[in-house]
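Join these two chains into a complex; the hints should help.
What follows is the residue order along each chain.
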Amino acid sequence: MRSSRRTILKIFAAFAGFFAWPTRARAKTLATSPVKTNWLRPPGAVMEHHYPGKCIRCGRCAEVCPYRCIELLDIRHGLNAGTPIVKAEKVPCYLCMKCVHVCPTGALTPLEQHETRMGLAVVDRHSCVSWQEDSLLMCKTCYNVCPYPEKAITVHDYKPTVHAEHCTGCGICTQACLVNREMGGKAINIEPIYATVKLPRGVQ
Amino acid sequence: MSVSRRDFIKKTAALTAAGYVGMNLPFSATESEAAGVAKWNPGTCRLCGVGCRVEIGTNAAGRPVAARGITKSRTNFGYLCMKGMMFYKIMNHPDRLTKPLYRASKKDKFQEISWDKALDIAAEKFATAKKQYGPDSTAYYGSGQAQTEETYLFQKVMRVALQTNNVEGNPRLCMASAVGGYLTSMGADEPIGSYGDIEKSSVIFLIGSNMASAHPVLFRRVMRHKLNNKDKVTIINADPRVSDTSRVADIHMQFDTNKDLAMMNAMAYTIIEEKLYDKKFIDDYCVFRKGKKVKVDMAEYWKSLQDYSPEKAEKICGGNITAGMIRKVARLFAKSDGTMSFWCMGINQRKRGVWANNLIHNLHMLTGQLCKPGADSFSLTGQPNACGGVREGGGLCHILPGHRLVAKKKLRNQAEDLWGVPRGRLAPKPGYHTIKMFRKVNEGAIKAIWINCTSPAQSLPDCDKYRKGMAREDVFMVCTDIFPTRTTELANLILPTAFHFEKTGVYGCSERRSQLTQKAVAAPGEAKPETWIVTEWGKRLAEKLNDRIALKAVQPFLGKDPDFAQPKAIWDEYTQKLTKHRDNDLRGATYTVLKQMPDGVQWPAPTEKFALTGGTTMKFVKGLDPMATTESKDDKPFQFYGPAHKDRKLWIWLRPQAESGEEPDANYPMYLSTGRVVDHWHTTSMTGRIPEIMRSNPWAYVEVNPKDAQKMGIKPNDMVEIETRRGKVVMPAKVKVGPIEGTVFAYWHDMAEERMINKVLKDTFDPGSKEPEFKICACKIRRVSGPKALKPFIVT
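Chains as they are written, first to last, in this note's numbering: chain Y, 508 to 711; chain R, 5 to 800.
It is possible that some hints are incorrect.
Think about it this way: if two alpha-carbon atoms lie no more than 30 Å apart in a straight line, the pair counts; the simulated DSS-like pairs of lysine-lysine are [as the list claims (entries may be wrong)]: (1) R:Lys93 <-> R:Lys640; (2) R:Lys307 <-> R:Lys294; (3) R:Lys740 <-> Y:Lys666; (4) R:Lys792 <-> Y:Lys594; (5) R:Lys472 <-> R:Lys135; (6) R:Lys732 <-> R:Lys715; (7) R:Lys792 <-> Y:Lys597; (8) Y:Lys543 <-> R:Lys792.
I should point out that these hints are in silico values taken from the structure, not numbers from a laboratory.
Note that the coordinates shown come from a computational prediction; the quantities given were computed from them, not determined experimentally.
Bound-form chain R, shown alone (with noise of 0.2 Å):
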């Protein structure tokens, strides 16, 4: 850097004056020059499901030094929270796995090997397991935090070349349930409208999410919008927890842990018994459902609801709840000129999580708040590419890619024609589910198992049980990472790969929206994208298993440029063939396009001129959504053509009120409920990597409500033990008004032995989302000790 002598007088004269008055000067307005940024390249942010567009400033040498928002996208409008504004930082991470590692057995130290010969251990490993014990013995369980690409091209392998179901993913921790309440209620995946109508909205009912610490950035729009426009927007948040989100509303419902079904029918019968249900719509577009094949009519809907008027609710939800505010909020609900709905773990990580999804979509089918400005029925999602990649891309067992049911022949069919081998070649029945994989990794009954990007040993509930499970001798246990994680101490391979930003692929958000982010910055060392590992293994597996069909799988994609010709090809086999004529058609989103949007395409998007406009903004309306035209079977203005609903309706559930897995006892009196903090990415491999995060928030508490703490005599800061019945934690106590009384709320994010709180959760799951209930179990507490100095904690 050259100085003139002008400048340096300018800087001496006013560092002095600065120094004399004890102050700091400006500096961050020139901080990208003085970090040295050469370039910026776009992409998408690499942790939660909001799916904000992030610049990633490299410099010179190539090295990421920055980061910022892109203020043209129409997710984040450039606002980035803490994590989004780190996350670069661990790419450089001394911890960074650099080189394939091996150990025959699990008690031998790893040890360094070449790309070469850990490939063809793996092939060989998954070949053998194949052929000795059958298909079923080889498993995939991968994350929503692959890129697009990769989920799809590893389910494509275990399909085709190992001819089993088994792919599995994290998705089935967050999203399962939200699938299962879209599919049964509207016939089709994933949200109606776009982040755009909270902009348009008045009433924002929030239940089940702390938006404010898992979604920051989206939550800054709810906030901004109810600050515009202070009288005209209500936001009801619904939660037995007081959180940061609680902060902006106007009406907190705080029932007792695990009664919001009862509360939700409550403010159903409250839209009924007052007539505020909109007569037009139901008529037109919805029908009532007790079971699959049971149809009822809207009498006995209003008989079923008889258990949950407003003041039989008021005695079984507790808390705050009143026969009145049920019914001021329903009315709210129901008359406001677009009413929005947002939900998140808290509804999906139940063992009802599927009925209580379809309550809230009940409540928006009643009062007909769909399909408008400013009206719906919004998941969020936990994930960034959840959506993307594995709930559309066939990331789970029972899915093919776009939306296709395996148990489908016609459908099982239709995906082999496009990939070329032979009808039949795919196995019919769906593969495992995430705990029956585990379960079947405990029982020894899976031999090879693959885990790409995630941390099963500790997000699993119950995790020291699925430990022991990972840790057998015979279950050979392939790990795709970046990073040490509490899953690759079990490990028998760790092939190093490339991160977000050192390599090329989609992301698909909460909105249906799939942004792309291109490869910026040199992967340390022999790291390498997952497609190339893939392909790499495909053909060596075919090998092994001197299988020809076999080699298809990867055939398109072999010899191409890893860093953008390999994942381009993925991308466009998946979205030209496999999404051609389904729900969430993607063909016009292809990388020409994405590489010119400010942030993405939003499906459906059939042709590249529609996606040039950002595609669907609200599915299943004529005008907006093309597809609602073209499947077009009556002069209707929304078309509700979802895969899963062949009498094109919408269904209204009757759904009862239900028990959790595990209700508090004599013996353990509490509920345990767990979340997450803004500061930390699950399983802390990443964010516990950055120092600035890690000392904002550097281990696991437990939160408190007063009332209980007095009780047990727990102050702020004591030591407190957490038991169930499946273990003990300890970490200290947050006495806050926080969690309502008998329940308490733990930080999962933690590493350390004693303070990873899904060892002590029940893996009790849902029946029909097969999702495991994280949000509640019974425990009893008790304190231990004073406060006592805690080290943070990450495996290295």
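Isolated chain Y (complex conformation) (with noise of 0.2 Å):
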């Protein structure tokens, strides 16, 4: 068969139309978790899959936090609506560890501020300013920020690594980095990777 140069630009552009549809649009349900890229729970929150049952809406993280970093979320969000909810590229979380204290119910379970595990911060190379080849430019803000420098973020050439290890996803870095939406978003986003893992006991 024969097809036109026409055709076959229709049939590409019907690919690219169903693959630009952004996933969690096609799927989303009243029930879909509402975290996400920079979109995370306060520290020591249980898994993901049970938070919306665990969590009474009280309210009170929200209320208790002196920076006014997490918000609950609205009726827009189904289930979830009135859950806690950190945006840490808005407001990132300072690691007070007050909201864990007065969490009712144990959604929210006391914990240190190292053990803390909101996400990982993860460098989006392409867009960091010092990770580009030949950068003349000597940002290393995220270091500067980090509440465990040298340890969550180590800087090499003005290049940022993060470790896992100790990066506790609490998002300063993420707040405070330079690269900006209209250059693409920012260059180090916090991903929740812990939100539906489960670590074994004693990993951190």
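As structure tokens, then:
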């Protein structure tokens, strides 16, 4: 069969359109978790599939947060309406650990600052100014602001590297990152990788 | 933008693929195209004293849209820090001042007025003050960020038209002790070597400088040199605070706050005890001095060091200092092939800043670590044009352009002749230094003051006290600035000025390098270059004073194009006439030459031909410095021809350990020190308006040592009150291994009233250099509450 150039383009465009359609939008239901890149649960949260069940939407974590970094989700989030979320890009978590002590149900469980795993910071080497080939820009803002510099983030030649064994996912680096939206998103983002995977005991 | 069919398909395919694997494509390579850069305009960075060369990209409409470093430049080799990359963004900021604003009384609201009226008012007020209360009732307070042409013109108008030496600037707050140190030790201001010596050195001694935060691009060179030669290069950092700079240090000498004078004397003790000194260098070029007139010999110098044997110094210094460490560092310092010292505000902003400077120079002179590749005693400058404009251009109360002292009649007469005014026109007595000037404002003795490009209402120590004076109704205050600041809040007249890259002028950085920045962007609204403002003001001033000689100050520059011809005429007058045969001879560094150079010219550069080679990389060395040959009096390889030492010698000073202006006691048991962070510049009137930077460092913190924090129950981010005898401020705490136990360290940039640390500092100043002691005062701290949600703040 000989298809014309136009037909091939059309088929191609259809494929492109299908894949370009965001995955989450395709499968979004009332029970879909709101947790995603830079949208994190407060410290000490239970596994994400338990979270909407354990949280009673009392809002005390948001109330006690001195930095106003915990927001409560609205009705658009279906089952998760009223549950807390930390939008790391807007106001990150400064690890004061107040919220974990006021949670009445154990949706947030008490833990130490350094044990917190809200997610993992991931450096996007494509947009981080220091990671560009032959970069002449000397930024190490993420390192400067990190509560565990030299542990969670190290810099070599101004190129930052995150170390999962120490990164708490607090998001302070994400908020501070100088790369902004117009330039293609933040160059360091918090991926909530621990929200769905249970770590074996003793592993940090 | 047109896209071909093929390109479109390619991009679609790429995007689909990228979307599928969930990543972002690297667009940065084409960022400048995306931003629509039509032209790259070379110039110098507006911020710190390193003097990085930077290009501003302007789009087709002539607006700045991007910045990048110039790789051919010998200062930064194309590297830029984040401040340098972002500063162009404030040029388009909506807060920019665009119209002259005036209010008769400081209680009124500002009204927009025309330039004509504004300049008339300014001239009228200064002329009236001079006529009614004498010349010294007028004053100018400038900045190490004003271009050389501006500082030169301002001081000329003040001195020639108003006949006062009340010409000061914020370099008094940062550089004055270094000037004092160089003049007393070497007889000539400014460092001997260049940045290029970093790569040739084998020991780098960093004292009282957090170079990593304050001079990041220069620090990169230090760091790279260390990383490239791990076994050959030793970096020693001496500081009571563990800072980012300490990270590359092989040895961190942490002494108790203010004990560095004893520490350096102990190093000198070791150098003499172990015969590590360079006898020939000392015999040929050095003398020992006790006071201005008292010459002593080495034996007496040795006797004066007896209180500072390493064992005794160990007890005085505290911290981690041991006798063994002092000996080890002294040996490294003396025996290396090239030792380079760097220091900045930790040494300068002290009650005995000049002494501390002398003690560093002493170590270099004793060991002969001077005038050879990789060896220098190098003072870092904080501001981009403190060296070029203020120190060389006559921007301080005791100096005239070209390193001429006001008090010397011969030098004063030289300036009068060169300016074509009758001899005796210039006031013979030096004016008020900064602190005294603002004390006179407080007393009401100064009736009219012009503040250019700086914000003393926030940057002076104990600033609340001085704000009361600036707020007086009988003090007429003019501010030239680009943004509202804490100082414009107290002004009567605010004149909007053009920013860097919106006017033409020269900046001179730490290593005696003068670099030209040409106008590339149109200034917003009615904002004007300072040179135009001052010439027009000077003309009206002469009319109001009814004084033909007063007009001479601005006559050669009247009616010239303020974008190029006018600054060029000012630069030519200054360099060709005033620097001729002075130690900062800049006759070769004409605009024509500066335009050709990717970086700039290092003085002395007496001819254009020599300037085109880049100028003098090392002063006083025959073969490298043309003036070392022309000024030669003997056949020795070095000629220390500095104007302050008639004997052409380097002076090794006997300087004891001394107390600071306010030592801790039972009521105020801790030391309070202040300093910079990498993200911000001074009072944040500029960097605070760059959202990216403000997000990364939104407010001031106080760093507390973990041991102190534990004693006082302070946790990270708790709100802490710092109280001194002057007042209180409250800011969040950073608990970190930073300042030594017993010292807290606060960031000084924040504009918010409750976090402005300069309100509580003491205005003690060095009796020699008159530089205030920002680095040390006594305080007590207390936790007031847990963490709080704070808001970043800038004056609007």
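Outcome of the hint check:
Of the supplied pair hints, the one linking R:Lys93 and R:Lys640 is violated, its CA atoms being roughly 52 Å apart against a limit of 30 Å. For the proposed pair R:Lys307 and R:Lys294, the alpha carbon gap of about 12 Å is at most 30 Å, so the pair holds. This hinted pair checks out: R:Lys740 and Y:Lys666 have alpha carbons roughly 23 Å apart, not beyond 30 Å. For the given pair, R:Lys792 sits about 18 Å from Y:Lys594 by alpha-carbon distance, which is consistent with the 30 Å threshold.
The hinted pair formed by R:Lys472 and R:Lys135 meets the criterion: a straight-line CA distance of about 25 Å does not exceed 30 Å. With a C-alpha separation of about 21 Å, the suggested pair R:Lys732 and R:Lys715 falls inside the 30 Å cut-off, and the hint holds. As the CA atoms of R:Lys792 and Y:Lys597 are separated by approximately 16 Å, the hinted pair is consistent with the 30 Å bound. Taking the CA atoms of Y:Lys543 and R:Lys792, the gap is about 27 Å. The hint holds against a cut of 30 Å.
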